[in-house]
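If you read the sequences in order, they're chains A and B. Here the first sequence stands for residues 1 to 459, where the numbers follow the UniProt record's numbering. Here the second sequence stands for residues 1 to 474, where the numbers follow the UniProt record's numbering.
Just so you know, not all the hints are guaranteed correct.
Taking CB as the label site, the calculated pair distances span [stated by the list, open to error]:
1) B:161 / A:52: 50 to 56 Å
2) A:457 / B:196: 46 to 52 Å
3) B:203 / A:269: 26 to 32 Å
Just so you know, these hints were derived from the structure itself, not from any lab. Bear in mind the structure is a predicted one, so any value in this text is a computation, not a measurement. From the three backbone atoms N, C-alpha and C, an ideal C-beta is built for every residue, glycine too.
Next come the chains, spelled out residue by residue.
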Amino acid sequence: MYAIITISIVAILILFLGAIRQTKFLLPVIFVGLIAAFVVNLLGWNQNIHYINEMYINDNFTIAFNGILIFSTLLVFMLVPLYYVSVKHTMEDTYALILFALIGGLIMTAFGNLVMLFLGIETLSLSLYLLAGSKKEDRYSNEAAMKYFLTGSIASGFMLFGIAFLYGACGSFNMGAIQTYVTQHQAAIPVMFTVGLILIAVGLIFKIGAVPFHFWVPDVYQGSPTLITTFMATVGKIAAFAAFFRFVNASFMSIDFLWKTPLVVIAIATILYGNLTALYQNNTKRMMAYSAIAHAGYMLIAIIAIKGNDAGVLLLYAVAYSVATITAFTVIMMVRRKTGSFSIKSFNGLAKQYPLAAFALTIAMLSLAGIPPLIGFSAKYNLFATAIAQGQLMLIIIAIIGSMISVYYYLRPVVAMYFRPTSNEEPLHPVSQYKMTILVFVILLLLASIVPGLIIHLI
Amino acid sequence: MIIVLLIILPLITSLFLFTGKAGQQSKTVAFVASLIVFVIAMLGGYDVWAAPGTGLVANLNLEQIMGLNIALKMDALSVLFVILTTLLVPIILASTDRNKRRPASFFALIMLMQSALVGVFTASDMILFYIFWEFALLPIFFITARWGGENSRRISIKFLIYTVIGSFFMLVAILYLYTLTPAPHSFSFDSFYQLHIPYAAQIPLFLAFFLAFAIKIPLFPFHSWQVETYNASPVQGSMLLAGIMLKMGLYGIVRFLIPLCHDVVANGSLYVLPIILFGVIYGAIIAINQPNLKKLIAFASLAHVGIIALGLLSNNAYGIEGGILQMFSHGVNIVGFFLCYYIIVKRTKTDNISQLGGIARVAPRFATIFMIILLANVALPLTNSFVGEFLILLGLFTYNKVLAVIAGLTIILGAVYMLKMYQRIMYGEKKPSTENFSDLTLKETLLFVPIIFSVFLVGIYPSFILQMLQGVVK
Chain A
1 MYAIITISIV AILILFLGAI RQTKFLLPVI FVGLIAAFVV NLLGWNQNIH
51 YINEMYINDN FTIAFNGILI FSTLLVFMLV PLYYVSVKHT MEDTYALILF
101 ALIGGLIMTA FGNLVMLFLG IETLSLSLYL LAGSKKEDRY SNEAAMKYFL
151 TGSIASGFML FGIAFLYGAC GSFNMGAIQT YVTQHQAAIP VMFTVGLILI
201 AVGLIFKIGA VPFHFWVPDV YQGSPTLITT FMATVGKIAA FAAFFRFVNA
251 SFMSIDFLWK TPLVVIAIAT ILYGNLTALY QNNTKRMMAY SAIAHAGYML
301 IAIIAIKGND AGVLLLYAVA YSVATITAFT VIMMVRRKTG SFSIKSFNGL
351 AKQYPLAAFA LTIAMLSLAG IPPLIGFSAK YNLFATAIAQ GQLMLIIIAI
401 IGSMISVYYY LRPVVAMYFR PTSNEEPLHP VSQYKMTILV FVILLLLASI
451 VPGLIIHLI
Chain B
1 MIIVLLIILP LITSLFLFTG KAGQQSKTVA FVASLIVFVI AMLGGYDVWA
51 APGTGLVANL NLEQIMGLNI ALKMDALSVL FVILTTLLVP IILASTDRNK
101 RRPASFFALI MLMQSALVGV FTASDMILFY IFWEFALLPI FFITARWGGE
151 NSRRISIKFL IYTVIGSFFM LVAILYLYTL TPAPHSFSFD SFYQLHIPYA
201 AQIPLFLAFF LAFAIKIPLF PFHSWQVETY NASPVQGSML LAGIMLKMGL
251 YGIVRFLIPL CHDVVANGSL YVLPIILFGV IYGAIIAINQ PNLKKLIAFA
301 SLAHVGIIAL GLLSNNAYGI EGGILQMFSH GVNIVGFFLC YYIIVKRTKT
351 DNISQLGGIA RVAPRFATIF MIILLANVAL PLTNSFVGEF LILLGLFTYN
401 KVLAVIAGLT IILGAVYMLK MYQRIMYGEK KPSTENFSDL TLKETLLFVP
451 IIFSVFLVGI YPSFILQMLQ GVVK
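Excised from the complex, chain B in its bound form (with noise of 0.2 Å):
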């Protein structure tokens, strides 16, 4: 009853933003939604957290009405995202200006994506699955088009003609999995996992569902849509994208790739993992380098999602629940990010980092906290990310030593341009543009308390959520 919920209820407030009733009001009515739909994930996750082997389920037969059967489970690793995500969109929709052009279709927008993240992160029948993984794509799609910046059509346009590629890929593998399984066949998650998939058969079913999740996390070569989407769309677009969005592809991972193709995982990952490192290095390298603030933050989520996926088919059990838990972080972070940069260019109406300088002192509490989420993004310890990390690094040492060292080696990379970007901005002499930055509103500093809290949180006692996962890695 939780799950569908935590589904429903998003899904009917968007319904009823959409006939536009409620106006000026619509912001107010979304947040107070997602508040509760947050409350209500809280209490599902503890039943879950409670008796972590078997998890909430339900299911509506609904095979004779539907054509399909509506099979939710909210196991240990959907919660981590089910409570990702309802944790992160009351931020976003507060986050977002009240004189917002058309707000009421907006904020239906976001709610309608909340509603489908959550099916994708609970589905348990194959089906289900991709309907929602698909339904996602459309509100992102009309929010980066409609309240995007320059060339915001096209490189929307471009974005979903990507991921529908990548998802269609998706499609033909679940089709083929479903003739493999036994008669009468089925789409149910359990009845693929009890499948003996042959080698050979493994081989076009690991490419096809790599395929689906490389364009959506996106992994090097295949992220050519990623920086331009950031860029394109509006902030809080771009939140839903790199906070939530983008984990999309890498639960599937976990919840696909690894049980499923799990020879190949074990022996074709020495092919793939080059390639994913060197786009991380590629990255890095990029966001050295870059001008421009928000272009930097999506190169810098390219480079940290890359080191997620390369601890996630590492093949083991640490390099798996560090990436779990890395994602986890990164939702949290990447938002915290967004939010710095939502209210840099805000106050001073530009993104180019050489504009920008000596915040740090005219607005000492937003320094403090930027510092934080910065901090927690090139993983200290005591932050959320090192956890991650440490656990991702140690099974990439465990697999393969060359590849642990390059890794390991791009995190120094990310203290570089983090350091430096940290430097430019927050330091040094102010420039016309931020001679006036006031500092954070009690409301702007609330925002931040949930990410805060969560980065120690995390940082400090991880192993609330590592014990909790240990069942789902086995």
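Here chain A stands alone, though its shape is the one from the complex (with noise of 0.2 Å):
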């Protein structure tokens, strides 16, 4: 609760500063206020502390996933000085707008009643529409944030159905209400209950981006500002499981029998199609958005063996998928600086010019395909034994399957930087301040390979 507090007040310093054109302060700000908030997020763990009538639940599981999102945005931070170096106009809103999109994400993971399930999620979606059109001279960036927003308010509106049908069956949006509402009523299931899970279900697969309501995932991806892209991929996807979880967890565990088998459906298309269709990108933002809807197929299946309060696997699995992200981005948005474009073949020779950020990648690539020892693989191997010791055989089956056909596409930029020759040319623009920043996130993901136990074991 005080991590929120404490962005928002940052978030409205940025726009004060903005406004007063102090812009030299505004990241120095943003970073201070962000390791400040990762600390007092961090001050509650153990406590279990419930505000507002339980509306905002602070337990580990919060804490845990809230340092994540806050670190993850940081990490995006950490890039936008790189990102943003030639622009003229100031950039407090859209800093301002990460930020909300930020407490947003912190609101979802800690919902403990579905009007703040609703609240955070249009807090996170609204600010993320904006951010998507926020290169407001590009076409792309424009029509990025038009479909987003169209078929985003769209499954908002599903939701907010879903919620209203759960409250008329119940007669209350607070969680354990309902999970004492789901107990009692367990044989037989009103029709307007299950339409109401239904409905609220189909707003959350839209938020992870799982198959059927993918389609908005490449589109967004690829029009948005690489950057805005980041943070969505990392943060929206992370915040969009963590709900998730926390609301199947927190009241529908006892009729796993309604939603279990259509979500084993749902992970077994998202892992394939995603996998599939990843396979003929030849660019590689767009590749990116295809093997993220493949991820939420992944993380899909944290939700469907989820068992008690066994979160580690998907916080692991979190992790994992964030920091490969951030990083696999940041290389893309070098070689994209530097060369012009998003396609695998601007990635030629890159390892002869600049091998950090070709060992950057590559290990992030191999993350991300799950090849040992990387973090990859250890989250993808506890999701897999966790669901596997539930009977999944054939969902992991499949799941390793899609595993298998990634390998392939991670590495045509992989096999682009190191075997194909470069086209020769100067690098346009200077990008050796990359170096310190790749660095971090070299040292970051080795570091988070060394000690996945203590990841998982956490909540």
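The task is to assemble the complex, starting from two chains supplied on their own in separate frames and drawing on the hints.
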């Protein structure tokens, strides 16, 4: 809760600083603010406090996931000086929107009440709609924002409908009250309740970008400014998954016969669709979008295999996915700055010119593909082992086939970097300032690969 | 501690080399490190040999930090492959040219490979095994693709995809076995060995493991990556692949397939063995008419590893013991073979057999050494392969006489292609390319010393290994 307050203050301060034209303080304030929020967030460890009539639940689950969200945002902000290097106008609105989106994400992990869930989702989504279109002069960015906004608001509509139905059936928005209702009525669940559950699930599935509500992902990811795509793919996605996990875990465990099979089907479809379509992409940004769809499929496994409060596997997956994705996007941004293109061809011969960047992208890609000993592998195997212990053999076989396919497309940029000759043009822009940032990401990724156990046993 | 050192030391060396600080001294650094590792491995080997029942164990309980148990064990079976790895890597390193392109990363990758290979052979936790198994793939992929010949990029990707597919099936099998272990579930080998797996469950397990191992070994019909990859790799890459890495698959058969799916192996081998045998004959026949020396070695290797697999799957102690011994011998011999190949190509710039000839006249020392390695390859008595092949055939004979007779015939085929090749390269008229073929230098001769030594040591006195293995086979 205090983390949200801290970040809100920082966001407002940013807007204020922008208004009085003190732009050189923007980033320092954000960094200090985010670090403070991270620390404040950790202070609540093991205390399990409920705020505002159980609308906001500050337990270890919340703290762990909020920690990742704040940390990922911090990493994204590390890229800001590199990404917005040539921008003339002030950026305070964009920065503040990113922070507001983060606040939405923080609420989503902690909701104890459906209204709070909706509030969190809308805070995140509305900010993201605007951020997607923040490159105002770019046609694709505008298109992405429009597409995202239209489809997103329809999904929100579904969700709101669902919440209303659930309220109609149970007479409460409170997750605890809904759980009581479920245990009392699990023999004969009324239709109104089921419809409500389905509609909310539709909204959540849209937010995580799983099949069949995935269609917005490639266009929006591609059209948005890359920095915003990075933010969406990590913070947006992890928040949605944490919310989904809490939603199912809080109230609907005892009626898993209602939702488990459909989720298994969705997970299988998502994994296959994401991985197979990613094979054909020549645009790395678009490839990352399809890979994000595939990863949504994997993360759904954590929700299917949910058992008690065993959220560690999802947490580990979120960390693995987040760090690797941000690293990958950093190198993609750097290459884009150098060559003006996102195509896989533009990575040709990068290893010779920027060995560190090539190395960073290589380990990020291998981690996303789940190749040992990187953290992506630990994350996947823990996920698979948990699901398989609950008899989901078929799902896991398909998930593994999906990972197998993914090795191919994740390797394409790697092959281009190491084994293809460069087009031999001089770098258009100096990119050495990326060096420090990339080094930090490499160290983070390797460090995380050594200690997955610490993360998984955290909650 | 010894096992941890064996894995960590090459890893640290590799990381150091990757920084590029060693520069032109990279080869020396890697070579010295690999020699130290070899000495440590021999010390560990002696401990295991002195007390074969227990073996060396290293259990670093890092479950809380790393999420997996670092459980390493070096028993009589592991020790053989650890010694094979640590013996061959210095030879492979020493055989590399000094003016290699980007030497630091090349040697760093070889050291990384060594670390992963020792990990594969000493892991005693399934996930750890899988991690090393997959990890071993990356260095060889980069070695093949970056330092290879024509088309090496395409071929190495094919190789990678092929083997990754195989190992993912293995991952499914491992995860399934994990669910069978009593709660709290465990990935340790011991908990897997204690399982009583119903026959119906053994069949898919057998298929999944077999696929992973058959691709790696490679066995017919999963061999199509092998010849291309050998051909495209730099010769040091081929040595790593054929000498050590392919043993991973055979090791897997001994370590997992036979103990975990013993009923299926007992009943089902009759379906699998004829296919493997067909592959052996196929490899041998193609080798007879192979104009390219490197491809000839590749096809010969295909036949040899097929024979080893036949022995292992014949499901009796002779076959398994012979197979294990032969794995060791094949590793040594094939590296010796590639070394000869490398010397020929370096001197003559060709590996086309028809352009070679008359080398024996100008380079008698080389001809002698080549002959010894060649005879070891065709399993002449007193050489290392003889004992292994003899035991394999004995095992196969106990299992099925028809198969044994056909397999015995392939030994004749082996002698045919080997001697035919030797005759065409070493005798006959000198060709333009072999006119100025100089004999081995002292340094080159030294490279062969450990190989020749182990050819005769194992050939004359195999019982010191066989005694150690008896405990394992039981």
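Evaluation of the provided hints:
| no. | hint | verdict |
| --- | --- | --- |
| 1 | B:161 / A:52: 50 to 56 Å | 54 Å, holds |
| 2 | A:457 / B:196: 46 to 52 Å | 31 Å, violated |
| 3 | B:203 / A:269: 26 to 32 Å | 29 Å, holds |
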